[in-house]
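For reference, the chains in residue letters:
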Amino acid sequence: EAQVTQNPRYLITVTGKKLTVTCSQNMNHEYMSWYRQDPGLGLRQIYYSMNVEVTDKGDVPEGYKVSRKEKRNFPLILESPSPNQTSLYFCASSPGAGKYGYTFGSGTRLTVV
Amino acid sequence: TQLLEQSPQFLSIQEGENLTVYCNSSSVFSSLQWYRQEPGEGPVLLVTVVTGGEVKKLKRLTFQFGDARKDSSLHITAAQPGDTGLYLCAGDSKADRGSTLGRLYFGRGTQLTVWP
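Those protein sequence lines, which keep their order, are chains S and A.
Take the first sequence: its position 100, counted from the start at 1, is 100 in this note's numbering, and no numbers get skipped.
Quick note, this note's numbering runs 1000 ahead of the 1-based positions in the second sequence.
Wrong hints could be hidden among the right ones.
As the list claims (entries may be wrong) - No more than 25 Å apart at the CA atoms, straight line, and that leaves these computed lysine to aspartate or glutamate pairs for DMTMM-like:
| id | chain 1 | residue 1 | chain 2 | residue 2 |
| --- | --- | --- | --- | --- |
| 1 | S | K99 | A | E1015 |
| 2 | S | K99 | A | E1005 |
| 3 | A | K1057 | S | E53 |
| 4 | S | K99 | A | E1017 |
| 5 | A | K1070 | S | E53 |
| 6 | S | K65 | A | D1096 |
| 7 | A | K1094 | S | E79 |
| 8 | S | K99 | A | D1067 |
| 9 | S | K57 | A | D1067 |
| 10 | S | K71 | A | D1071 |
| 11 | A | K1094 | S | E53 |
| 12 | S | K99 | A | E1041 |
| 13 | A | K1094 | S | E1 |
| 14 | S | K57 | A | D1096 |
| 15 | S | K99 | A | E1038 |
Bear in mind the hints are in silico, worked out from the structure with no lab data behind them.
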């Protein structure tokens, strides 16, 4: 089944403890991206990647890092999480940017205390 | 400032009624997409419109892309309780004032509730 898989689904952590949220797609898509969704603010793009080793900032990149070493994986790294990064995170992929539409993962609900 | 303005924010209607949701921007996009999202789940793509003036139909749902590629609408005919959900529009890759290929901009969504 074609899908985007995120792990973990739920995560509670403490301020300052580095964490990684994984994202993997099995559709050989070139494009992948990360979003956070907050009440009243909607979905906002964090980072995106047009292809392997190519990443760019979205609307809210501060406090996040990404890497794209292989086509199928696009992990989101929070080096020193803070409570304002408590949010619902989504990974998405697409054959390419601009016209294809995106397949989203099921989400990771992160709570930083 | 929200790049894409969706209206209405909330819509509560009876089964069988028709409705239209609007998505407006001052920017030109390479494409506009509509998604539906259930609580706690990821958005699911309904349609992508690429050409100005394009109209696409998906059963009882009709999607239109404005001629100038700045706005879109979603019309649902004879709504059913199963249509209940959060509807999101998203503009892909601004095409004016410098390309932003790869950037996806979401509206805040329209929460639709259809009562039996």
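So, going through the hints one by one against the coordinates:
{"no.": "1", "hint": "K99/S <-> E1015/A", "in the structure": "33 Å, violated"}
{"no.": "2", "hint": "K99/S <-> E1005/A", "in the structure": "20 Å, holds"}
{"no.": "3", "hint": "K1057/A <-> E53/S", "in the structure": "38 Å, violated"}
{"no.": "4", "hint": "K99/S <-> E1017/A", "in the structure": "31 Å, violated"}
{"no.": "5", "hint": "K1070/A <-> E53/S", "in the structure": "32 Å, violated"}
{"no.": "6", "hint": "K65/S <-> D1096/A", "in the structure": "28 Å, violated"}
{"no.": "7", "hint": "K1094/A <-> E79/S", "in the structure": "31 Å, violated"}
{"no.": "8", "hint": "K99/S <-> D1067/A", "in the structure": "16 Å, holds"}
{"no.": "9", "hint": "K57/S <-> D1067/A", "in the structure": "30 Å, violated"}
{"no.": "10", "hint": "K71/S <-> D1071/A", "in the structure": "33 Å, violated"}
{"no.": "11", "hint": "K1094/A <-> E53/S", "in the structure": "23 Å, holds"}
{"no.": "12", "hint": "K99/S <-> E1041/A", "in the structure": "23 Å, holds"}
{"no.": "13", "hint": "K1094/A <-> E1/S", "in the structure": "32 Å, violated"}
{"no.": "14", "hint": "K57/S <-> D1096/A", "in the structure": "19 Å, holds"}
{"no.": "15", "hint": "K99/S <-> E1038/A", "in the structure": "24 Å, holds"}
Of the hints listed earlier, those the structure fails to meet are numbers 1, 3, 4, 5, 6, 7, 9, 10, 13, in rising order.
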